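2 protein chains.
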Amino acid sequence: MNTNLNTESLLELIADKTRELLRAERCSLFLLDKEKQLLWSKVAHGMGGKKFNLTLDKGLAGYVATTGKVVNVRDAYANPRFNPELDKKTDFRTRTVLCLPMKNHLGEVIGVFQVLNKRGGLFTPPDRNLLQIFSSQAAAAIENSQLYENLKESFDSFVWTLAATIDARDPMTAGHSRRVTEYSLAIAKQLGIGKEKLELLKYASILHDLGKIGVQEAVLTKPGRLSKQEYKHIQTHAALTRKILERANFQRHLKEIPQVASSHHERVDGEGYPENLKGEDIPYLSRIMAIADVFDAITSRRHYRDAMPIKQALSLIKEGTGTHFDPVCVEGFMKIPLNKLIKIIKSDVVSHFKEEDLKLLSNYKTSQFLEMLKKENSSLSAEQRKAITGFNRYYNRQIEKQINNKEKGGKMGKFA
Amino acid sequence: MNTNLNTESLLELIADKTRELLRAERCSLFLLDKEKQLLWSKVAHGMGGKKFNLTLDKGLAGYVATTGKVVNVRDAYANPRFNPELDKKTDFRTRTVLCLPMKNHLGEVIGVFQVLNKRGGLFTPPDRNLLQIFSSQAAAAIENSQLYENLKESFDSFVWTLAATIDARDPMTAGHSRRVTEYSLAIAKQLGIGKEKLELLKYASILHDLGKIGVQEAVLTKPGRLSKQEYKHIQTHAALTRKILERANFQRHLKEIPQVASSHHERVDGEGYPENLKGEDIPYLSRIMAIADVFDAITSRRHYRDAMPIKQALSLIKEGTGTHFDPVCVEGFMKIPLNKLIKIIKSDVVSHFKEEDLKLLSNYKTSQFLEMLKKENSSLSAEQRKAITGFNRYYNRQIEKQINNKEKGGKMGKFA
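Each protein sequence line maps, in turn, to chains R and E.
According to my numbering, the first sequence is numbered sequentially starting from 492.
According to my numbering, the second sequence is numbered sequentially starting from 492.
Since the hints were derived computationally from the structure, they do not count as laboratory data.
Computed from a prediction, not measured in an experiment: that's the story for all the values here.
There may be inaccurate statements among the hints.
It does not matter which identical chain is used: a pair holds within one copy or between any two.
To be verified - Here are the simulated lysine to any residue pairs, SDA-like style, with alpha carbons at most 20 Å apart:
| no. | residue 1 | residue 2 |
| --- | --- | --- |
| 1 | LYS686 | HIS596 |
| 2 | LYS723 | PRO575 |
| 3 | LYS594 | ILE789 |
| 4 | LYS831 | THR587 |
| 5 | LYS856 | GLU644 |
| 6 | LYS643 | GLN742 |
| 7 | LYS525 | ARG510 |
| 8 | LYS643 | PHE741 |
| 9 | LYS579 | TYR568 |
| 10 | LYS527 | ASP507 |
| 11 | LYS525 | ARG743 |
| 12 | LYS549 | ASP566 |
| 13 | LYS856 | GLN726 |
| 14 | LYS594 | GLU499 |
| 15 | LYS734 | GLY666 |
| 16 | LYS809 | ARG565 |
| 17 | LYS643 | ASN740 |
| 18 | LYS834 | GLU766 |
| 19 | LYS508 | PRO571 |
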């Protein structure tokens with residue numbers, strides 16, 4: 492429902508019905524990529540669902556796309572423009588071809604629509620009329636789909652921009668919302684959560700700290716420990732996230748964003764906030780976010796402390812099982828492959844990871860890594876020791892760079 | 492391009508071609524409104540473009556929508572379900588009817604598709620197949636269109652929410668972005684600005700103060716006059732608005748949002764900020780926003796002063812012509828009808844305007860009002876005096892209520 496799959500199936504429907512009504516053996520629909528000067532197959536009978544592209548300099552489709560003309564070919568192999576390559580590949584023999592340009596509402600060619608091999612004869616002028624109709628419908632469907640994709644991209648980039656902006660009020664937490672989103676999605680993937688819920692989780696994670704807009708900077712960026720009152724003030728951000736998001740009117744499958752986003756500080760033992768929800772009363776997706784949020788906080792440097800050593804950080808998550816965190820969600824977190832984990836932790840700092848390091852780390856899940864960290868060095872295999880060293884090389888470097896960057900950047904430095 | 496007009500024309504195309512291919516006299520397409528239990532006409536031949544609705548309890552279309560069945564009627568007037576009302580209204584005689592349910596991808600009925608009066612005979616099973624195809628295509632197009640509308644609504648509500656949230660950091664300026672947007676659009680309307688530019692202006696206005704997220708609260712909400720340094724700090728918000736918005740990836744026709752939004756403090760004499768642009772180097776839409784922004788600021792109460800009397804506020808805009816403001820844009824502002832102006836000024840405060848007051852005020856443009864205010868009372872007609880009194884009754888009431896509300900609400904009070 493929330494994707495544009497409708498368009499795909501609409502185009503397939505159009506192609507199938509065109510083939511049926513025109514009594515053709517095959518029908519195909521190509522989209523023109525003007526920049527790359529290619530035609531991309533969108534629907535193509537007889538290709539087993541495989542997508543492929545054609546250059547514009549040869550073949551009837553290329554000719555039609557370039558000139559905007561219609562061609563009705565009675566004997567393909569007698570036509571010098573016909574390109575027999577596809578026939579060879581698919582063990583097919585093209586006899587007749589009716590090929591039309593697809594045009595958008597401005598009259599620009601956006602693709603090509605064609606039928607092959609009319610059963611029992613040649614393609615007629617009425618066939619051409621009918622193909623023209625279906626071609627117009629396909630073109631309109633494609634334009635609508637592109638409008639939707641553009642708008643979706645606008646929306647997404649705007650939501651990300653907003654989150655980054657709010658994070659940047661405190662340079663110490665820049666990148667926090669993005670990393671929390673990536674951890675949340677990585678956990679959800681391990682838990683096998685479906686597509687629509689993933690989208691909900693994505694937006695809820697990006698926006699979980701939106702309410703910080705209402706927290707005073709003096710408190711937000713205070714270098715020392717917070718007083719009880721200051722801590723209470725910061726806690727208001729969770730409820731505020733909800734109140735703000737409730738004013739927006741999200742699509743049906745995203746309606747729960749306000750509740751999911753604002754419950755990321757709830758704890759399964761009921762000691763969290765803002766509503767002291769307990770166990771399964773906390774939205775499942777928020778229980779995932781709780782881990783992501785804490786893990787990012789402790790593996791990043793904050794005003795009042797350095798980033799935690801990784802062993803301590805992972806132990807803290809593990810020890811929170813059943814009190815702070817949902818056991819199933821912790822299990823999901825612990826299944827994240829180590830290469831994935833390190834890439835998220837340092838996404839803001841390290842621009843290039845060595846392929847061999849990532850490959851080595853991909854052999855370990857987070858839980859195995861924690862076990863390794865707890866053992867004596869002497870009881871580990873050489874490969875295990877190598878993995879720990881590899882991980883820490885990135886992990887520790889990040890901390891140094893973070894400190895440097897942040898002291899250079901200063902308040903809102905990213906924008907200055 | 493930026494609207495869903497494509498869908499409308501796609502549906503018309505489908506209806507036209509269906510009529511042609513099925514050799515029918517009329518084709519019509521209805522959408523089902525489940526809540527209201529009505530069928531709305533979306534395309535209907537022979538109705539002169541007029542839209543209308545049908546109840547579900549009578550007529551063949553109602554029967555099809557309710558049961559999901561297909562009907563092929565050979566003699567309409569012999570069929571007890573046929574409703575001859577529309578025939579009477581449009582001077583038409585229905586003979587044969589082929590009527591199908593339109594279903595979405597979940598198989599739910601979302602409308603009805605029908606053809607009337609096959610030329611030279613009865614509707615056949617092949618006709619039914621063809622109608623089924625076109626009906627599926629129409630249904631998919633409608634679903635896509637609804638997806639787009641939902642997403643658009645999400646996006647819009649999210650942008651509004653964000654702006655309201657940023658305004659609310661300082662309760663004194665709550666509602667500012669919304670009012671600036673309304674003034675800007677009202678001016679643009681007087682200047683005859685086209686649809687796509689209006690949309691650009693709308694978003695740029697909503698978001699013009701986004702950069703205030705980077706301004707310190709202590710300065711933003713300071714009760715007294717600002718020091719030179721504090722004033723400079725506040726001015727950074729314009730450039731920051733641009734930097735933040737540049738990170739988002741807006742649709743093509745909205746690409747200029749960052750520049751338009753961030754230039755609302757430029758002055759035509761080049762004394763504005765952030766770039767000291769002069770005259771026509773300032774985007775046209777920003778020159779409109781400059782008036783909207785100043786007018787809202789001076790007609791609202793601020794930390795360091797009360798709202799200005801309306802005569803003084805309008806004079807200030809007028810006197811800024813050619814130095815602060817673009818003369819053409821001031822002219823546009825001065826053409827706003829007085830009823831429109833007062834409604835925007837007090838949209839946050841007054842929930843009900845007397846119709847007779849609005850009617851009286853609609854007789855005057857803003858420029859005429861300013862002329863009246865400058866005259867001696869004795870030289871005005873009775874109606875003119877009545878208009879001034881009427882305007883001020885709302886205008887002054889607003890000021891009082893604003894003060895009360897804001898003192899009650901306090902910081903972020905709207906969310907507390």
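*Between the shortest in-copy and the shortest cross-copy C-alpha distance, which are at most 20 Å for LYS579 and TYR568: within, between, both, or neither?*
Answer is within: at 12 Å inside a copy they meet the 20 Å cutoff, but 59 Å across does not.
*Intra/inter-copy verdict for LYS643 and ASN740 if alpha-carbon distance must be at most 20 Å*: both (15 Å within a copy, 10 Å between copies)
*Between the shortest in-copy and the shortest cross-copy C-alpha distance, which are at most 20 Å for LYS549 and ASP566: within, between, both, or neither?*
So LYS549 and ASP566 pass the 20 Å test inside one copy only (17 Å; across, 55 Å).
*Is it within, between, both or neither when you check LYS643 against GLN742 at 20 Å Cα-Cα?*
both (12 Å within a copy, 9 Å between copies)
_20 Å Cα threshold - placement of ARG510 relative to LYS525_ = For LYS525 and ARG510, the Cα distance exceeds 20 Å both inside one copy (27 Å) and across copies (35 Å).
*Classify it for me, LYS856 with GLU644: is the Cα-Cα distance of at most 20 Å met within a copy, between copies, both or neither?*
So LYS856 and GLU644 fail the 20 Å test inside a copy (33 Å) and across (42 Å) alike.
*Give the relationship of LYS594 and GLU499 under a CA distance limit of 20 Å: within one copy only, between copies only, both, or neither.*
Close inside one copy (18 Å) and across copies (17 Å); limit 20 Å.
*When no copy is specified for LYS527 and ASP507, does a C-alpha distance of 20 Å or less occur within a copy, between copies, both, or neither?*
neither (28 Å within a copy, 36 Å between copies)
_My question is about LYS834 and GLU766: at a cut-off of 20 Å on alpha-carbon distance, are they close within one copy, between copies, both, or neither?_
The answer is neither: 34 Å in one copy and 40 Å across copies each exceed 20 Å.
*Using 20 Å as the alpha-carbon threshold, which applies to LYS831 and THR587: within, between, both, or neither?*
neither (52 Å within a copy, 65 Å between copies)
*Using 20 Å as the alpha carbon limit, work out where LYS809 and ARG565 are close: within a copy, between copies, both or neither.*
Close neither inside one copy (72 Å) nor across copies (74 Å); limit 20 Å.
*Tell me, please, which holds for LYS508 and PRO571 at an alpha-carbon limit of 20 Å: within, between, both or neither?*
Neither way: LYS508 and PRO571 sit 30 Å apart in one copy and 35 Å across, limit 20 Å.
Against the hints set out earlier in the document, violations occur for numbers 2, 3, 4, 5, 7, 10, 13, 16, 18 and 19.
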